[in-house]
Every structure is written in structure tokens, then in C-alpha cells.
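Undergrad: Please take these sequences and the hints and turn them into a complete structure.
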Amino acid sequence: MLRLIKCLREYKKPTVLTLIFIICEAVIETLIPFITANLINGIQAGISMNRVAVLGIILILMAMLSLCFGGAAGLTCSKASSGFAKNIRSDVFSRVQEFAFQNIDRFSSSSLVTRMTTDVTNVQMAYMMLIRTAVRAPLMLIFSVVMAFIMGGALATSFVIIIPVLVFGLLLIAHNAMPAFRAVFRKYDKLNESIEENVRGMRVVKGFAREEYEKKKFGKAAENIQADFTKAERIVAFNSPLMQICVYFNMVFVLLVGSKLILRYNGTVIGVGEISAMLNYGMQILIQLMMLSMVYVMLTMSGESIKRISEVLDEQSSLKEPENPVFEVKDGSVDFDGVSFSYSKDAERYALSDINLHIKSGMTVGILGGTGSSKSSLVQLIPRLYDATAGTVSVGGVDVRKYDLESLRGQVAMVLQKNMLFSGTIRENLRWGNENATDEELDEVCRIAQADSFVKSFPDGYDTFIEQGGTNVSGGQKQRLCIARALLRKPKILILDDSTSAVDTKTDALIRSEFKKYIPETTKLIIAQRISSVMDSDLIIIMEGGSISAAGTHDELMKSSSIYREIYEQQTRGNEASEQ
Amino acid sequence: MKKKNKNNIPDSPKPKSGISIHTFRRIIKILYESYPRLIPFTAFCIVFSAIVNAIPSIFVQKILAVVTECLSDGVSSGAVGIEWSEASGKIIPLIIVLIVLYILSIISMTIYTQLMAFITQGFLSKLRCRMFDGMQNLPIGYFDTHKHGDIMSYYTNDIDTLRQLVSQSLPQLLQSIVIVASVLGIMLWYSIWMTLIVAVGVAAMIFVSGKIGGSSAKYFIRQQRSIGSTEGYIQEMMNGQKVIKVFSHEKKAKEGFEEINDRLYQDSYKAHAYANALGPIIMNIGNILYVMSAMLGGIFILSKIPNISVSCIAAGTIGVLSVDILVPFLSMTKQFTGNVNQLSQQINSIVMGLAGAERIFSLMDEAPETDEGYVTLVNAKLGENGEITETPEHTGTWAWKHPHSDGTITYTLLRGDVRMTDVDFGYVPGKDVLHDVSVYAEPGQKIAFVGATGAGKTTITNLINRFYDIADGKIRYDGINVSKIKKADLRRSLGIVLQDTNLFTGTVMDNIRYGNLNATDEQCRAAAELAGADDFIRRLPKGYDTELSNNGANLSQGQRQLIAIARAAVADPPVMILDEATSSIDTRTEAIVSRGMDKLMEGRTVFVIAHRLSTVMNSDVIMVLDHGRIIERGNHDKLIADKGTYYQLYTGAFELE
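Sequence lines, in order, name chains A and B.
The numbering of the first sequence is the working numbering, which starts it at 4 and goes up by one.
The numbering of the second sequence is the working numbering, which starts it at 6 and goes up by one.
These are calculated hints, taken from the structure and not from any lab test.
Cβ coordinates follow ideal geometry from the N, Cα and C atoms, glycine included.
Any given hint could be a false lead.
Claimed, not checked - Going by beta-carbon spacing under 7 Å, a handful of chain A positions derived as facing chain B:
1. 82
2. 117
3. 222
4. 300
TA: Structure (C-alpha cells):
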């Protein structure tokens with residue numbers, strides 16, 4: 004909790020106000036039964052109507068005051084806890100924005116979503132509970148016990164018996180229930196995951212006519228969880244009878260001992276009014292103990308959530324910003340000098356090892372290689388999405404680690420392999436590349452990326468709304484929009500990581516020829532599966548197992564590289580080969 | 006007010022009481038059906054414990070009356086220290102009755118709280134299973150038109166709200182109603198005037214709870230929706246985090262988040278503010294009511310106003326309000342208002358629970374996939390003269406069992422002959438995506454579909470396995486109209502491999518066996534070998550026993566596709582549908598697995614959809630689709646010779662969009 008308290012910020016004030024209001028409310032609340040006892044004793048003793056009226060009016064005023072304080076505390080504590088939650092969410096989100104790729108790889112996106120929603124809600128509820136009761140409950144408890152002893156004397160020995168019993172009982176219940184619940188919730192998550200799996204794979208389920216099998220599987224899991232859940236709930240269910248036993252014990256004790264005392268001392272030590280007050284205080288004490296045990300449970304239960312949130316907040320970005328950053332990227336040359344790279348410190352083998360590569364500004368470089376040959380790893384070092392483990396990567400002759408990150412990434416535009424569009428209009432999506440782009444500029448990049456014809460064919464043109472995940476455009480259209488988005492940055496280096504795989508060969512070729520025509524100075528790195536996408540590059544690199552196995556132009560590689568020849572033959576004559 | 010419009014959230018639908026009551030009755034009905042004996046028993050325990058809870062105030066009053074009486078007697082007689090033994094004769098029996106009542110109350114309470122824990126979980130489990138079972142029977146169209154996140158929230162959020170409703174609010178409701186009713190009865194027994202005063206106060210409390218509680222519930226429902234949209238935003242941003250980084254778009258993403266986050270804060274704040282303020286307000290109205298009753302009672306006593314009560318009416322006398330009536334009356338007032346307060350605290354969970362239940366019921370009420378099929382797939386034995394007889398054991402030969410209206414049964418050998426004739430179809434009425442499509446696939450043929458995204462390739466396969474039903478035309482499988490075949494049997498005879506591979510949590514072996522639950526380990530391995538997956542599976546840390554989770558996140562997309570192919574292969578269906586099944590396998594690997602694939606396809610009717618022409622070139626028939634129409638058909642050589650669209654595609658002169 005302490006780690007998160009920093010997120011309170013502007014909501015410290017409502018928190019403090021809540022505490023003040025609650026203390027005031029608690030004081031009045033404990034005074035009310037005291038004066039009420041007076042009033043009842045008075046009525047019994049037959050005091051004057053005036054006195055009754057005065058006491059009554061005082062009581063009503065107190066109740067009104069208590070209402071105001073209570074209501075105000077309700078508002079401020081809601082404000083404090085909701086605001087607290089808002090700030091935590093905002094801090095976590097901002098922290099994730101500062102993450103480097105390496106950090107992003109460590110957290111799955113669904114776990115980040117849970118942390119920012121369910122976990123934060125848990126903390127919010129625990130915090131609300133805490134500020135509402137953490138002060139009030141002990142205060143009321145102490146006050147009630149003291150008052151009970153002052154008023155009741157010997158009658159208060161009842162509390163000496165029930166308080167330890169109740170505390171012990173509640174703790175016992177909480178201690179048994181919490182691990183049980185934790186285990187259940189973990190299972191519950193698993194169950195929900197399996198439902199999600201089922202929903203996602205419904206075509207497979209139905210395709211194999213496995214509905215009955217799935218039902219049986221789910222039924223078993225549900226039954227299993229039901230048994231565990233019931234066990235946990237049944238432990239908690241002992242709370243109310245335990246509470247009730249204590250209340251009843253107090254009742255009987257006070258009535259029995261009380262009436263004995265009244266009669267023995269002739270009503271001189273305690274009176275009937277005291278008995279009813281003792282019953283009230285007894286109730287009060289028990290309720291407060293119950294509240295405290297609830298706070299205890301909630302805080303412990305939210306401990307897990309706090310831990311998970313803190314994990315994100317404590318995560319340090321693995322990229323260090325340089326002290327005197329360079330803001331200008333001179334040209335589009337790229338140099339790899341003795342570069343090795345691994346995704347994590349304890350990875351067994353390097354994703355890239357000893358790469359030496361020099362690319363002149365304005366060159367077109369094609370990169371080929373099988374799955375897992377680290378083509379993507381290679382290009383991701385250029386916009387400094389990751390830092391090289393050894394060696395240096397330079398852009399425009401300067402080590403990438405010396406650049407201001409935003410300036411570097413502004414000049415190195417990359418179309419990722421796993422690319423995506425965001426929900427919003429096409430215009431909004433394209434403008435990720437340049438916030439202030441005019442429609443003319445949009446037209447231009449769309450023309451280069453061969454996206455203009457289909458965008459124009461949509462009734463709403465640039466205002467066409469893209470659904471979440473870009474589900475309403477085809478794969479090829481998505482890729483072309485992504486290229487257009489990157490072009491809008493007017494970068495010195497453009498990296499396409501398998502970005503035209505869903506685009507047909509003719510359009511692919513058109514895009515490349517447009518590149519040549521309109522952005523000749525831009526260095527272009529193209530990772531592709533199709534050999535036709537890279538054949539006419541100035542330099543073709545063949546990656547294999549994390550290192551460059553061959554490099555050269557098409558003609559050179561046809562002579563020197565057997566892998567290249569193999570790929571070429573497969574793709575150009577492909578079919579004849581497999582028909583044999 | 007200004008803020009409100011900016012929020013852009015439609016006002017929550019006014020809770021229509023008619024629907025809510027209907028929902029409420031349905032919950033009770035399911036509860037009752039699940040536990041026809043336990044529910045009445047539990048309800049009895051709750052009612053009993055509530056009554057026993059209310060009665061002691063009578064005894065407290067009686068004991069106090071005895072004490073007061075003895076005390077005044079003693080004082081008047083001048084004795085110092087009245088003997089306890091004198092009073093104990095009257096007090097002890099009362100206390101014993103009290104203790105007995107208390108013990109009964111505790112026993113019934115223990116029983117019903119334990120039973121409620123049991124019933125709640127049983128009910129939820131049953132509901133979950135009903136939802137899940139119902140969901141398995143829904144047509145695929147339901148899943149295509151509903152977001153998965155929304156479906157999931159039925160199982161998580163909505164079930165959770167129901168847990169609260171059933172385990173706490175319902176017993177509380179019943180208990181409070183009983184206590185309020187019995188306390189009201191006792192009050193009337195003592196004094197009608199005083200009861201009227203309490204009634205006025207309680208009416209005020211109910212009015213206030215309704216107002217504030219209603220607003221609170223409204224904002225809680227809004228909060229729920231805000232959480233949903235926040236979750237959606239976070240999800241999208243987290244998924245696209247790398248793109249955000251590449252475009253240095255962090256600031257914009259934060260700005261967008263702040264806006265949505267603030268909206269959630271506003272709703273959450275209001276929802277809790279109303280809920281939190283309600284408690285103290287109700288409690289203090291209770292306090293005021295208590296004081297008012299004490300004061301007015303005092304005035305009644307002092308001014309000796311005649312007391313009208315049920316007890317007096319029954320006795321036919323008119324009494325006077327006395328202190329020993331007033332004191333217990335006051336504690337009853339406390340009890341009364343305490344219960345109203347507790348009820349008011351349940352308003353939120355009741356409203357939210359009912360809203361959740363309504364959504365759950367809407368899922369359960371979705372119309373299931375219809376299946377009027379009566380032709381089934383059976384194991385068969387071929388006689389010497391080619392006659393087919395049905396056998397219970399597995400023979401490797403299958404036949405369609407076709408009962409006719411005249412009582413005769415004919416058997417047709419399962420061969421894998423699929424014919425579509427003049428099929429029209431649209432997902433939305435009036436918007437056809439397929440026009441006049443005819444496809445003839447003879448057993449063992451490989452049929453390929455080529456065409457732009459949205460041309461209708463996948464739609465055709467959706468119709469063959471009846472994920473969707475055709476609007477017009479005919480589809481025949483081995484000469485039988487597919488609408489006459491039981492869906493499960495039809496689908497059993499078709500193996501599908503889809504572009505988006507879905508694997509399930511479990512071992513690799515489990516996943517392959519999904520295609521045929523009776524397959525032995527050897528058969529699964531053989532299928533994997535056929536699919537070209539055996540090689541990489543062996544290299545996994547635990548080989549075939551490697552656990553997959555999260556849709557096989559630890560495998561590459563290409564590897565997942567290979568497992569999916571193995572899964573289809575182990576089912577050994579006569580017809581296979583490969584929808585972009587090898588799209589993520591790079592061309593080099595594809596070339597390596599192609600021999601296995603060819604073997605897999607041998608002797609089967611195969612429908613192939615592929616983007617890569619190299620995958621489809623060796624097909625017997627290639628169909629080129631455009632806007633739901635087949636514009637060219639023939640084998641590779643014929644289509645090339647025709648120099649049509651396929652030729653243009655092949656030479657790269659035409660684009661596939």
C-alpha cells in the first residue's frame with residue numbers, strides 16, 4: 004500500500020477530510036446512546052415535559068449533525084478512493100508508455116489490462132474501506148468499551164469474555180478462508196480462460212462436432228470449482244452465527260446479572276436505563292470488531308493486487324536516455340559494427356551474433372531468411388527498439404544510443420511485422436505518422452503505398468471508420484495503410500518488416516517502383532518472404548541462425564549463395580518442383 | 006450538466022420494473038428447481054431465525070417490567086436490598102425461555118448460512134453450465150456477430166453480480182421483511198399511535214433509500230460500462246504498444262487514456278458517493294425517528310393520552326401508555342430502522358444482480374442452432390455384392406443411414422462427393438455474398454478457390470459444413486441433401502483447418518487427439534508425421550507431452566498450423582477443407598511439408614483456399630471467385646491457356662484485393 008500511496012496526490016485532501024468527518028461522526032454517534040439513556044431514565048423518572056423536549060431537541064440536532072458528517076464523509080471518501088484509483092491507473096498507463104520493447108515483452112498485454120482494471124478496483128475498494136473504518140472502528144471500539152465500563156461496571160465483564168472469543172473466532176475464520184479463497188480465485192481464472200478458449204475456438208469445436216465433449220469437460224471443471232467455492236464460502240458463513248452467539252451471550256448476561264445487581268443494590272448502582280445502554284454498547288462493540296476483521300481481510304486480499312500493480316510501477320525502462328542527446332539525424336546511413344544481441348541476459352544463445360553491415364544513405368536493402376533467422380531482430384536495433392548487447396549500431400554516423408529517442412524514431416520509420424491499425428478513421432490512423440498532415444499529403448503517401456484507389460472506393464474515404472484491430476479492411480489493405488502511415492513521417496530510413504506479405508506481387512512491385520521515384524534519398528530496408536520483393540535491391544542480405552550468411556546483389560548471390568539459389572528456384576518454378 | 010453531455014454515454018435504460026420482476030421470478034424459479042427441497046427448508050430457517058430474532062424484545066420488556074416492579078415494591082416497603090430469590094422465581098424462567106429461543110435461532114442461522122453457501126455455489130455452477138451448454142449449441146453466426154469480450158463478461162462480471170444477489174441480498178431481503186413484519190405486529194400489539202409515528206419515519210426512510218439508492222444503482226451500472234470501455238481502450242493500446250513506440254505516439258495515447266480514465270472516475274465517484282452517503286443518512290433518520298418516538302411517547306405518558314393497541318382491543322379495554330411499554334418499543338424502533346437500513350444497502354446489489362441476470366438470461370434464450378437432420382453416419386460393412394450393412398464396431402468404412410418416411414432405411418457409402426448447385430447466400434438478408442455458385446467435387450479431387458478478400462471463398466466452405474444455411478440452391482453430400490444430414494455427423498465427415506489456428510490448453514498430444522477422441526498415441530503420431538509436424542514436436546522440451554497454454558503462445562504461427570493440420574488428419578475424414586492452412590508456413594518449410602500434405606490429401610476430397618498460388622496450382626479444379634461469383638474454372642494449365650483473370654494473377658498483372 005505504501006508504494007501506491009504516492010499516487011494519492013490531489014486526493015490527499017479528501018482523504019484527510021474523510022478522516023475528520025468520520026471522527027466527528029463517530030464522536031456524535033457514541034454520545035447519542037449516552038444522552039438517549041438519559042432521556043429514557045428521565046421519562047421513567049417522570050421528569051418535566053420541558054426537560055424531555057430539550058433533550059429530544061439536542062438529540063435531533065446531534066442526529067442531523069451526524070447525518071451531515073456521515074454524508075459528507077461518504078462523498079469525500081468516494082472522491083478520495085475513486086481519485087486514488089484514477090491516479091494509479093494513469094500512473095501505470097504512463098509507466099507502460101515509457102517501457103522499452105524489452106519491458107513490453109515481459110508483460111503480456113492481457114495481464115496489463117487486468118492490472119489496470121480488476122487489480123486497481125480491488126485497491127480502490129480496500130482503500131475506501133480503510134479510510135472509512137480504520138479510524139472509526141478502533142475509535143468507536145475504545146469509546147464503547149470505556150463507556151460500558153463507566154456505565155455498566157460489573158456488567159462490562161461480559162465484554163471481557165466475548166471480545167477475546169470473537170476476535171479469536173474472526174481471526175480463525177479469516178485465516179482459514181483467505182487461502183481457500185485465493186486458491187478458488189486462481190482456479191476461477193483458469194475456468195474463465197478455458198471459456199474464452201472455447202469461444203475463440205468455436206469453429207474448431209463445431210467443425211469437429213465436439214460440443215458434447217466440451218460440455219462434459221466444462222461440467223467437470225465447473226463442478227470442481229463449485230466444490231472448492233462452497234468449501235470456502237462455508238468457512239465464511241460461520242461469521243454471522245459467531246457474531247450472533249456473542250450478541251445473545253451479552254444479552255443474557257446483561258439481563259441476568261443486571262437485574263440481579265439492580266435488585267441487590269436497590270437500583271442504586273445501576274438502573275434499567277443502563278441495561279438498555281449496555282445492550283447498545285455491546286452491539287456497537289461487536290459491529291466494530293466485525294468491521295475490523297473485514298478491513299483485515301480486504302487488505303490482505305488486496306495485497307496481491309498491490310503487488311501486481313507495483314511490479315509495473317517499479318519496472319525500470321531498459322533504455323537509458325543519453326545525457327546530451329543528439330537531435331538531428333544527418334543522413335540515412337546505417338552501420339552495424341560487431342553487433343551481438345540477445346533478448347534477455349540469461350538467453351542461451353544470441354539472437355544476433357557479430358553482425359557487421361554498412362548501408363549507405365539512399366540504398367535499398369533486401370533481407371531474406373527463414374523463420375527464426377533473426378531478420379526482425381536485426382532491423383529492430385536501428386530505431387533502438389532494443390539495445391545491442393555488444394557492438395554499436397549507428398545511424399547517420401552517430402551511435403543510436405546518443406540520439407534523443409523521439410528524434411531518432413522520427414527519422415527511422417518502421418512498419419512492424421505484427422502491425423495494427425487502431426479504432427478510428429483512416430485519416431486519424433494515418434496521422435499517427437504526422438499529426439498535422441494535410442489531405443494533399445495523405446493523398447501523396449497513399450498513392451506511393453498503393454492505398455489511394457481502395458481508400459477512394461470507400462464511401463467515406465479518409466473518414467472510413469476502422470474497427471478495433473482493423474477487422475473491416477483486408478490484410479493487404481491494412482499493410483498498405485501501415486506503409487502510408489510510416490511514409491507520412493518523411494523518414495530518412497524506412498524499414499518494412501514483412502509488410503507486403505498480403506499484397507499481391509504486382510502491387511508490391513508498384514510500391515517499390517514508387518519508392519524509387521518519390522523517396523530516392525530514403526534508405527529502405529525490406530524484409531520479405533518473396534524473392535521478387537527484394538530481387539532488384541542494391542544489396543540483398545541472407546540471414547541464417549542470427550548471422551549474415553551471404554550478402555550481395557541478385558546476380559552475385561545467384562552465383563555465390565546456394566540458399567538464395569534454392570529460394571529463387573522454389574519461388575519462380577515452385578510448382579514444377581512439387582509436381583514431380 | 007455541461008459535463009454530462011460531453012460524456013457521450015447514453016443514459017442507462019430506465020429499469021423497467023415489469024422486466025425486472027420477471028427476471029426476479031425466473032431466478033427464484035431456477036433456484037427452486039435446482040433445490041426443490043433445500044430451498045423451502047432454507048427459507049423456513051431464515052424466517053424462523055428472523056422471527057426468533059424479533060421475539061426476544063418481548064421478553065426483555067417482561068424481565069425489565071419484573072425488575073421495575075420488584076424495585077418499586079422494595080422501595081415502597083422500605084426494605085434495603087431486596088432478596089434476589091424473590092424476583093428470580095419470575096426472572097429465571099423468562100431467561101431460560103430466552104436462552105432456548107436464542108439457541109434455536111443460532112442453530113437455524115448456522116444451518117441456513119451453511120445451506121446458502123452451498124445453494125449459491127450450486128446455483129451459480131448450474132447457471133454457468135446451462136450458459137455454457139446453451140452456448141455450445143448456438144449457431145456460428147452468434148460468435149461472428151458478438152464480441153468475445155462481451156460473451157466473456159457474462160461468465161465473469163454478470164455471474165459475480167448474481168453471486169452477491171443470491172448469497173446475500175435474497176436472504177437479507179427475506180429476513181428483513183420477516184423481521185419488519187413481526188416487529189410491526191408486536192408494535193401494533195403495544196400501541197397503534199406509536200406504530201403510526203414509526204410508520205411515518207420508515208416511509209421517509211424508504212423514500213430516501215429509493216431516491217438515493219436508485220441514483221447509486223444507475224451510476225453503478227454506468228461505472229460498469231465505463232470499466233468496459235476503459236478495458237477496451239487499454240487492451241487496444243497494450244496490444245499496439247510496439248506500434249505506439251515506433252511512432253513515438255506515447256503522449257497521444259496518454260491523452261486519450263486520461264479522458265477515458267476521468268470518465269470512469271466520475272462514474273465511480275458518483276456511484277460510491279450515493280452508496281456511501283445512503284448509510285449514514287438512513288441511520289440518522291433512524292436516530293431522529295428514535296428520538297421523536299421517545300419524545301412523543303414521553304408526552305403521551307405525561308399527558309396520559311389513552312393508548313389504543315391490539316392487545317387493548319383484544320382485551321376490550323383502553324389502557325394508558327406506560328414506560329415499560331415505551332422502553333421496549335424504542336428498542337424495537339431501532340431494530341426496525343436497522344433492518345430498513347440493511348435493506349437499503351442491498352439496493353445496489355439487487356439492481357446490478359438483476360441487470361446481470363437479465364443479460365445472462367438473454368444469452369440462455371438465444372435460439373440454438375437448428376438441426377432437422379435425420380441422416381446419420383454409421384460404421385458399415387461391405388458385403389460381397391457391395392451391399393452395405395450397419396455394424397456397431399469400428400470398421401474404417403462409413404455409411405450414411407437414411408431413414409425414409411415409408412419406414413425403409415437405405416445406406417449410402419461415405420465417399421466424399423460434394424456438389425453445390427446454384428447456391429445463393431447472404432449473411433444479412435438482402436445482401437447476397439454468393440450468387441449462383443455451383444461446385445462439383447468428386448471423391449479424391451482437389452478443388453481450389455482463388456479470389457480477393459471478401460470474394461466469398463470462406464463463405465462457400467461455411468456452407469458445406471453448415472455453419473450457415475443456404476438461402477437458395479442445393480448442396481449434396483454423397484447425393485444426400487446436407488440439410489437432411491445431422492450436423493454433428495456431417496461435420497464429423499469434414500476436416501477443417503483454418504487460417505486462425507486455435508489450440509486448446511493441454512498437451513500437444515491432447516490437441517492432436519481433439520480430431521478423434523479414440524485415436525491411440527501411435528495414430529496421433531502418425532497424423533503429426535503426415536502433417537510434417539512430427540519433426541518439430543519431437544524437438545519441443547517434452548515432445549508430445551509439452552503443455553500448450555494461451556493458444557499455444559510458445560509456438561510459432563507456422564507450428565500451430567502444422568498441429569492443426571495433424572489434428573484434422575487424425576480424424577481421417579473423407580473431405581478436408583484447408584482455409585489458408587499453410588499461409589504462415591514459409592515457402593521453404595512448405596516445400597518440405599508439401600510431400601506430407603500431398604500424402605494427406607491422397608484419396609480425399611480437398612477444398613483449398615490459399616493466397617499463395619503455389620499452394621493451389623496442382624489442384625484438379627481451380628475456381629476463381631469475384632464478388633461472390635465463379636468467374637473462371639479449370640485446372641492450372643487450362644486457366645493459363647485461357648489467359649483470363651487467373652493468368653493475370655499468376656503473372657502478377659492483377660491484384661487480389
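Undergrad: With reference to the structure, classify each hint as holding or not holding.
TA: Hint-by-hint comparison with the structure:
The criterion of a C-beta within 7 Å of any C-beta in chain B is met by residue 82 of chain A, whose closest approach is roughly 6 Å, and the hint holds. At its closest, the beta carbon of residue 117 of chain A sits 9 Å from a beta carbon of chain B; the interface hint therefore is violated under the 7 Å criterion. At its closest, the beta carbon of residue 222 of chain A sits 5 Å from a beta carbon of chain B; the interface hint therefore holds under the 7 Å criterion. Among the interface hints, the one on residue 300 of chain A is violated; its C-beta lies about 15 Å from the nearest C-beta in chain B, farther than the 7 Å criterion.
In summary, the numbered hints that this structure violates are 2, 4.
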